[in-house]
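Asker: Residue numbers (UniProt numbering), protein chains in the order written: chain A, 1 to 261; chain B, 1 to 261.
These are calculated hints, taken from the structure and not from any lab test.
Among these hints, one or two may not hold up.
One copy or any two copies: either way a pair holds, since identical chains are not told apart in the list.
[As the list claims (entries may be wrong)] Capping the alpha-carbon separation at 30 Å, the derived lysine-lysine pairs in DSSO-like fashion look like this:
| id | residue 1 | residue 2 |
| --- | --- | --- |
| 1 | Lys-132 | Lys-253 |
| 2 | Lys-112 | Lys-208 |
| 3 | Lys-92 | Lys-132 |
| 4 | Lys-3 | Lys-132 |
| 5 | Lys-112 | Lys-92 |
2 protein chains.
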Amino acid sequence: MKKQLLKIVKIGGNVINDEIALFSFLQDFASLDGPKILVHGGGKKATEVSSAMGLQPQMINGRRVTDEATVEVVTMVYAGLLNKKIVAQLQKNNCNAIGLSGADANCILAHKRIVKDIDYGFAGDVDAVNSKFINVLLENDVTPVFCAITHDKEGQLLNTNADTIVSEVAIGMSSLYETELNFVFELKGVLKNIEDKNSVIKQINLEKYKELIDAGIIADGMLPKMHNCFNALEKGVGKVKIGDASLLQSDNKLYTTLSLK
Amino acid sequence: MKKQLLKIVKIGGNVINDEIALFSFLQDFASLDGPKILVHGGGKKATEVSSAMGLQPQMINGRRVTDEATVEVVTMVYAGLLNKKIVAQLQKNNCNAIGLSGADANCILAHKRIVKDIDYGFAGDVDAVNSKFINVLLENDVTPVFCAITHDKEGQLLNTNADTIVSEVAIGMSSLYETELNFVFELKGVLKNIEDKNSVIKQINLEKYKELIDAGIIADGMLPKMHNCFNALEKGVGKVKIGDASLLQSDNKLYTTLSLK
Numbered sequence: 001m002k003k004q005l006l007k008i009v010k011i012g013g014n015v016i017n018d019e020i021a022l023f024s025f026l027q028d029f030a031s032l033d034g035p036k037i038l039v040h041g042g043g044k045k046a047t048e049v050s051s052a053m054g055l056q057p058q059m060i061n062g063r064r065v066t067d068e069a070t071v072e073v074v075t076m077v078y079a080g081l082l083n084k085k086i087v088a089q090l091q092k093n094n095c096n097a098i099g100l101s102g103a104d105a106n107c108i109l110a111h112k113r114i115v116k117d118i119d120y121g122f123a124g125d126v127d128a129v130n131s132k133f134i135n136v137l138l139e140n141d142v143t144p145v146f147c148a149i150t151h152d153k154e155g156q157l158l159n160t161n162a163d164t165i166v167s168e169v170a171i172g173m174s175s176l177y178e179t180e181l182n183f184v185f186e187l188k189g190v191l192k193n194i195e196d197k198n199s200v201i202k203q204i205n206l207e208k209y210k211e212l213i214d215a216g217i218i219a220d221g222m223l224p225k226m227h228n229c230f231n232a233l234e235k236g237v238g239k240v241k242i243g244d245a246s247l248l249q250s251d252n253k254l255y256t257t258l259s260l261k
Numbered sequence: 001m002k003k004q005l006l007k008i009v010k011i012g013g014n015v016i017n018d019e020i021a022l023f024s025f026l027q028d029f030a031s032l033d034g035p036k037i038l039v040h041g042g043g044k045k046a047t048e049v050s051s052a053m054g055l056q057p058q059m060i061n062g063r064r065v066t067d068e069a070t071v072e073v074v075t076m077v078y079a080g081l082l083n084k085k086i087v088a089q090l091q092k093n094n095c096n097a098i099g100l101s102g103a104d105a106n107c108i109l110a111h112k113r114i115v116k117d118i119d120y121g122f123a124g125d126v127d128a129v130n131s132k133f134i135n136v137l138l139e140n141d142v143t144p145v146f147c148a149i150t151h152d153k154e155g156q157l158l159n160t161n162a163d164t165i166v167s168e169v170a171i172g173m174s175s176l177y178e179t180e181l182n183f184v185f186e187l188k189g190v191l192k193n194i195e196d197k198n199s200v201i202k203q204i205n206l207e208k209y210k211e212l213i214d215a216g217i218i219a220d221g222m223l224p225k226m227h228n229c230f231n232a233l234e235k236g237v238g239k240v241k242i243g244d245a246s247l248l249q250s251d252n253k254l255y256t257t258l259s260l261k
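The task is simple: from the sequences and hints, build the whole structure.
Answerer: Printed below as a string of structure tokens:
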């Protein structure tokens with residue numbers, strides 16, 4: 001039997017920081033037919049609140065180092081303010097959203113990242129996704145909205161990379177649904193020429209992905225993102241789309257589709 | 001058919017402000033048999049964060065006046081930090097908790113309090129409880145943990161009195177369950193003599209309640225709390241218990257039970 005299509009969408013800082021862009025995007029998301037899941041990253045609000053509270057944000061290799069005071073701030077901002085603002089907006093748009101951290105109903109279990117060279121503090125690496133409970137929500141026409149906070153089932157909340165969360169959730173749901181992962185970021189897709197914002201490569205399969213890495217076209221910050229996407233495809237996710245905030249609009253044709261073959 | 005017993009428990013600032021007391025209480029709550037719901041109020045953390053962010057908390061008649069900046073702070077602290085800390089602790093204690101605001105799955109719909117003499121700002125008065133969805137959670141052995149934030153389904157989050165939330169949730173669930181409401185506060189129960197912390201009145205029915213008001217024994221801050229409880233009893237809640245943080249311990253005998261007759 002053909003499985004039902006589940007769309008899983010990730011939005012990051014660039015959409016979240018601008019309330020007008022965010023609310024407009026949430027209208028597009030709310031109007032998607034069928035079961036869907038939203039995952040959101042952080043945004044500059046956490047830095048604002050940290051500064052106001054006298055904390056100095058620390059970043060190593062683009063990842064926030066999370067001490068105890070910082071995990072409190074990101075829990076406040078991501079699981080509290082951003083998550084509930086998004087849920088309230090989706091409710092306004094008749095999407096029956098529910099906001100979740102990984103601790104809620106043990107949806108996303110993680111462990112504190114093992115210290116090798118760098119101690120990232122209370123940063124989580126994902127171990128398991130509670131696809132059974134997430135499916136209970138979907139079957140009741142409820143739309144899960146995940147923030148990037150997980151837990152270790154020992155009482156510790158963990159700051160977790162939102163790209164990782166969305167691909168782990170998509171992988172976890174792939175046994176029950178045909179899954180499509182949508183990454184919304186600041187560009188219209190993977191670009192052939194970084195100077196030309198419209199030079200979107202429309203299709204990338206595994207073979208082409210390796211060519212693009214060798215050619216230096218996929219580099220820097222795109223490398224972990226693309227690695228993450230192909231990992232998801234290899235573990236059962238049906239399709240990955242990458243594009244800007246207009247990705248979900250039905251008349252949008254300019255985005256990148258990733259597939260294995 | 002006899003309905004199943006559902007215990008609904010409310011904790012307030014005095015338990016929440018002290019992490020050791022809170023975690024000990026959550027162990028008691030986690031070990032309760034059968035379906036259960038927790039509702040928590042705020043605590044001094046919201047005031048701390050407000051001050052750090054340069055906001056001046058404003059109170060009228062014991063209720064926080066909620067401007068836009070304040071609704072952001074209480075959403076961060078109540079729906080974010082406190083709610084997720086509580087959920088993570090319950091998960092640690094093998095209670096499959098899920099943290100919710102009223103916006104989540106439209107669980108508690110409210111409206112901005114109508115301005116009569118005082119404009120309380122973004123303070124919510126409860127209109128409806130989504131008992132159907134709350135029951136889906138309970139039937140899946142998931143324990144809802146509500147913070148005192150609701151929404152108006154127009155995108156606005158609303159700061160809401162936690163005593164009101166817990167009684168509205170209990171009333172809402174009374175069509176499906178035999179309900180018992182447990183109020184945890186700073187005293188061992190309703191006291192005959194406020195100077196004697198052990199002078200607990202063990203049973204109060206509607207008749208005695210009126211006598212105690214006339215005698216001036218129920219006064220001040222206890223008046224709205226007791227009014228709230230008897231309102232719940234009149235609207236279908238089976239039993240109300242009031243006591244301190246040891247209320248849920250099976251060997252605790254010192255608390256007040258309220259009933260209509």
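Asker: Are the CA atoms of Lys-112 and Lys-92 at most 30 Å apart within a copy, between copies, both, or neither?
Answerer: between (36 Å within a copy, 15 Å between copies)
Asker: Indicate which option fits the pair Lys-3, Lys-132 if close means a Cα-Cα distance not exceeding 30 Å: within, between, both or neither.
Answerer: both (16 Å within a copy, 27 Å between copies)
Asker: If the cut is 30 Å between Cα atoms, do Lys-92 and Lys-132 qualify within a copy, between copies, both or neither?
Answerer: both (27 Å within a copy, 20 Å between copies)
Asker: With identical chains treated as interchangeable, where does the CA-CA distance between Lys-112 and Lys-208 reach 30 Å or less: within a copy, between copies, both, or neither?
Answerer: neither (35 Å within a copy, 55 Å between copies)
Asker: How would you label the pair Lys-132, Lys-253 (within, between, both, or neither) given a Cα cut-off of 30 Å?
Answerer: Intra 34 Å, inter 40 Å, cutoff 30 Å: neither.
Consistency note: the structure conflicts with the earlier hints numbered 1 and 2.
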